[in-house]
Amino acid sequence: MTALELVCPAGTPAALKAAVSSGADAVYLGFRDATNARNFPGLNFSRDELQQGIDHAHDNGCKIFLAINTFPTAGDSTAWHQAVDDGASLGVDAVILADIGMLDYASRKHPDLRRHLSVQASASNPEAIRFYQDAFDVKRVVLPRVLSVAEIAALNKEIDVETEVFVFGGLCVMAEGRCALSSYATGQSPNTNGVCSPACAVRYDEDENGRMVSKLGDFTINAFEADEAAGYPTLCKGRFVANGEASYLFEDPVSLNAASILPDLAKAGVTGLKIEGRQRGKAYIAKVVTSFRRAVDSMDDGAVVETDLTEITEGQRKTAGAYQKTWR
Amino acid sequence: MNTTLVMGPVLFNWTPEDWRDFHFRMADEADVDVVCVGEVVCSKRAPFFEPYMADVIERLLAADKQVILSTLALIMNKREMKSVRDTAAIDEDNIIVEANDVSAVALLGGRPHAVGPFVNVYNEGTLAYLARNGARSVCLPVELGMDALGALAKDSPAELEVMVFGRLPLAISARCYHARAHGLHKDGCQYVCIEDADGMEVETLDGEPFLAINGVQTLSHAYTDLSAAVPDLLDLGIRRLRLSPHASVDMVAVSETYRAVIDGKTAPDEASERLSALAGDATFCNGYINNQTGYTFS
Numbered sequence: 001m002t003a004l005e006l007v008c009p010a011g012t013p014a015a016l017k018a019a020v021s022s023g024a025d026a027v028y029l030g031f032r033d034a035t036n037a038r039n040f041p042g043l044n045f046s047r048d049e050l051q052q053g054i055d056h057a058h059d060n061g062c063k064i065f066l067a068i069n070t071f072p073t074a075g076d077s078t079a080w081h082q083a084v085d086d087g088a089s090l091g092v093d094a095v096i097l098a099d100i101g102m103l104d105y106a107s108r109k110h111p112d113l114r115r116h117l118s119v120q121a122s123a124s125n126p127e128a129i130r131f132y133q134d135a136f137d138v139k140r141v142v143l144p145r146v147l148s149v150a151e152i153a154a155l156n157k158e159i160d161v162e163t164e165v166f167v168f169g170g171l172c173v174m175a176e177g178r179c180a181l182s183s184y185a186t187g188q189s190p191n192t193n194g195v196c197s198p199a200c201a202v203r204y205d206e207d208e209n210g211r212m213v214s215k216l217g218d219f220t221i222n223a224f225e226a227d228e229a230a231g232y233p234t235l236c237k238g239r240f241v242a243n244g245e246a247s248y249l250f251e252d253p254v255s256l257n258a259a260s261i262l263p264d265l266a267k268a269g270v271t272g273l274k275i276e277g278r279q280r281g282k283a284y285i286a287k288v289v290t291s292f293r294r295a296v297d298s299m300d301d302g303a304v305v306e307t308d309l310t311e312i313t314e315g316q317r318k319t320a321g322a323y324q325k326t327w328r
Numbered sequence: 001m002n003t004t005l006v007m008g009p010v011l012f013n014w015t016p017e018d019w020r021d022f023h024f025r026m027a028d029e030a031d032v033d034v035v036c037v038g039e040v041v042c043s044k045r046a047p048f049f050e051p052y053m054a055d056v057i058e059r060l061l062a063a064d065k066q067v068i069l070s071t072l073a074l075i076m077n078k079r080e081m082k083s084v085r086d087t088a089a090i091d092e093d094n095i096i097v098e099a100n101d102v103s104a105v106a107l108l109g110g111r112p113h114a115v116g117p118f119v120n121v122y123n124e125g126t127l128a129y130l131a132r133n134g135a136r137s138v139c140l141p142v143e144l145g146m147d148a149l150g151a152l153a154k155d156s157p158a159e160l161e162v163m164v165f166g167r168l169p170l171a172i173s174a175r176c177y178h179a180r181a182h183g184l185h186k187d188g189c190q191y192v193c194i195e196d197a198d199g200m201e202v203e204t205l206d207g208e209p210f211l212a213i214n215g216v217q218t219l220s221h222a223y224t225d226l227s228a229a230v231p232d233l234l235d236l237g238i239r240r241l242r243l244s245p246h247a248s249v250d251m252v253a254v255s256e257t258y259r260a261v262i263d264g265k266t267a268p269d270e271a272s273e274r275l276s277a278l279a280g281d282a283t284f285c286n287g288y289i290n291n292q293t294g295y296t297f298s
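Protein chains in written order, with the working numbering: chain A, 1 to 328; chain B, 1 to 298.
Hints in this document: simulated from the structure, not taken from any laboratory. Glycine included, each C-beta is placed from N, C-alpha and C at the ideal position. All the given hints hold, so there is nothing to weed out.
Computed cross-link-like contacts, DSS-like style, restricted to lysine-lysine with a CA-CA straight-line distance of at most 27 angstroms: (1) A:LYS157 - B:LYS186; (2) A:LYS109 - B:LYS154; (3) A:LYS318 - B:LYS186; (4) B:LYS44 - A:LYS157; (5) B:LYS186 - B:LYS78; (6) B:LYS78 - A:LYS267; (7) A:LYS267 - B:LYS82; (8) A:LYS157 - A:LYS139; (9) A:LYS157 - A:LYS267.
Going by beta-carbon spacing under 10 angstroms, a handful of chain A positions derived as facing chain B: (10) THR73; (11) SER77; (12) LEU103; (13) GLN120; (14) ARG130; (15) PHE131; (16) GLY187; (17) GLN188; (18) THR192; (19) VAL241; (20) ALA242; (21) ASN243.
With the rest of the complex left out, here is chain B (with noise of 0.2 angstroms):
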């Protein structure tokens, strides 16, 4: 069984121009199959790169990649909800869209659909009514350990996926901490979170590098990394990977760093290696999937 490379939707703030052009690196270059688009974290954002993506979606489809159209992951308004409703209603077959909240699964239901990490799924009774709904995958919440990960995946109704690289999506607010930490208020931010392409980096008051903050959505500071992980997880029969974007690596490297694992070309402690060569200054975690605390490395 082949294993599908997931470049999961863009968290970050980018410039249009940043935004079209990293897709269209990834439709020309990148080693995956699979590439989300569209605004997850903040229903402001969507105007800008609007613009540019129907150019987006038909260079993808045009280097025969899998196309997930994501869907926000907070909705708190009637515009954020229409959002979400027109994106549901696109119904087409090279076209997948991805819930990121309850009301995109409820909206998708019964027609082929993904399950975003952004959707609680804990356990096989989550995942088999969602199964029963029409989900094809599922991409995992971040904090499950290797022992979830493996009762999730024996008999399971649908693709599992999970996230293997990049900053992991920690929390989720009403409120904007980028603005709040620029003095601003939400509705006049001034789009300040595009200042930081991969997050505002967070520390402690000691100085110890802690979270990174995208707007509304809190990320942890180290990058996480699982290449080591997985042989383990392609044991347990999960065979999706999901890569994160981030502006200051070069997403196409670390695609092709992780299909070496995966088809047993590079050892996962030299892709570890190289994916520390590729991201500069970043620190790595993988403390979830050994069951332990979070941000640990090991």
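Chain A with its partners taken away, still in its complex shape (with noise of 0.2 angstroms):
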């Protein structure tokens, strides 16, 4: 069993510093515009910035990846292209792309440059990921988070690439890349926009009985009563009215923690364990890789792995998420 690789985020030089420290085996960023995911106000890496990481990064001996994996506009894929680019001349260890077009262009321009499929292309089975393979040498897929352990294991036993999975952050509930939600309410998806229910649609009133009321466009999210703690309303986490019942429709506010079951996704052959929020700040990203640092390396020695992140989950409930196949 090859020793299982920390891959971290970063939206910020401070980050990616943070990261760094609290050993992380690569962390993963992207430019600042929609080439990205995580294509939020204040957040990601000028050429220059990532220029610094990159040089900071591998004088500690930790990779950097470049997420370019949002999908480029029909008419104007300049930026996407360009990001690729400079990705290869900077040096980046590794570029993570979603879209066809853009895995089909960097192959044949960068050939070794090293690619891994990013979770947005939402790449569940092993025929899909063989086409990645097959089509554009890609050497690591991110796993969508749709796959029980159980799923994973049977994958990796079926393809020959490497795999990497969400280990803890934020958790989609809808098969990645594959979602329309945040454009239908607000106009910008995370495919095209690179944001998921963006800040700049999101609003909160105070309703006629005294409750917050958090609102994304025209579409109330949820209501909150004074002593419940009012959370951002992405979308797919929001409290929904359907056969005359109130509900978490798609999703308790829960994020995902699979810390506990990292001995398994070992066992089911995952190479790395990817930490969600680029958004977030450096203590953030220091706790939670600090964390994970013990609890990968206690897993090498043998011993039980604890981590405890509790102040950190702003009182959010963990999951193991759709590890479980109880989930669903």
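Join the two chains, each given in its own frame, into one complex according to the hints.
Set out below in structure tokens:
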């Protein structure tokens, strides 16, 4: 069994340094535009910042993966192609791509640049994964968060490419890269704009009963009593009414923590453990990465894995999510 | 050049007899050129209507409809993979298979096939690759606006198709929200989605109609109606228009209405009024094609 690689997020140079010093094996990040799926104001890297980030990471034995994982706009793919070209010339260790046209471009233009398949490509089965491997020589596939551990183990037996799975952070309940809920309500979507439920479309109002109401565009996503913690109105995490009953229709307010099943994931044959959260600050990154570094190292020693991250989970419950089939 | 009207696959869980009779009616009465047949959303439903599959295909072919076999959008286990492999292996002159996942794109590579709206085709690079791989037609993602459609239509190496009628498929998940809403587990779902032939309606907490649930799929509550955009689509060279089946709307009448718009016999605003009358309480949307928020209608 090869050592598990800890792949950590960075939305800023400070977060990158925190991830590196906390024991990340690789840091993934994106440019400051719509070419990556965390296109939030004030986040991400300029070309200069990326160059410095690469130097810092490489000096400390850490790799840099550049996420260019949105779908280029028809009629104007320039920014996306430029991002791949710049990543190659600056010396990133891999690019993380989702779009078939982009994979085609990168494999023809930069055959030696290592290519990972983004979770946004939603490759959930052996035929799809083999396609990306055969057609574009993809070396690693980030698996969609729709698979159980048993399904991942079965999948890894059928493919000959590295796999990477999410182990901590926000939990997409829909198949990634195949969700237009956000653009239906706000006009902006992960695939085209690199944002889901964008902050510019969020509003908080107080209703006549004194409840705090969170809105996304024109739609109410949730309402909170005075004693309830008000969460960010990510569309699929909201409360809606079906058959006359209000509920968290898609997902309870939980986020992913797969720390307790790291040995199962290792046995299932995964290579990379990915932490979500490029929008997070450096303190959060340091804490989560440190905790998972310890978990992975103690696992190598055959010790019991423990992580205590309750203090940074914002009161949310944690779940191993789709990795356990009961979640469905 | 003729315009092709496509009846998309039935997305909902209908009783096997309703499913069969709908397709028979499409064969006998609907003014459509192509009919898509097969389960796209949930692999658990397919065994129920499969006994009628051969009869349906035969009836459609006898009525000179092009038959497209649509495949699953999300494939997560060996059983689902096998069903897609089996369908992709069908190699008959008068039947085309539609890929709705990259796995099917791979399995169909090197021979003529269709690409459905669940494969992400957002730009010319992807379109060119898929056309080289054998895609003859590509039904585009629902969130594309007219600008993107125009860019893709320019010198397109495959026939482009746009969904013009029906609730928009917005998302797909491993999780079954129909089962969840009924307090059931996916594995023991009791096929409760059969209760909602056009999807389970979802409102916001303040009673605003918003979405519709169809098992593991989430759709828009509003029905897309792009009849007003048809002349522009035809001008761009987009010659395939897809209607998505609904139970509470007379799809034969919908197909006639769109055919009349295509032929210039009905003005788009008159068509919209007719569709509105056909669809009863339904609300409509066309925001995406106008480069606006998806749910809006103008």
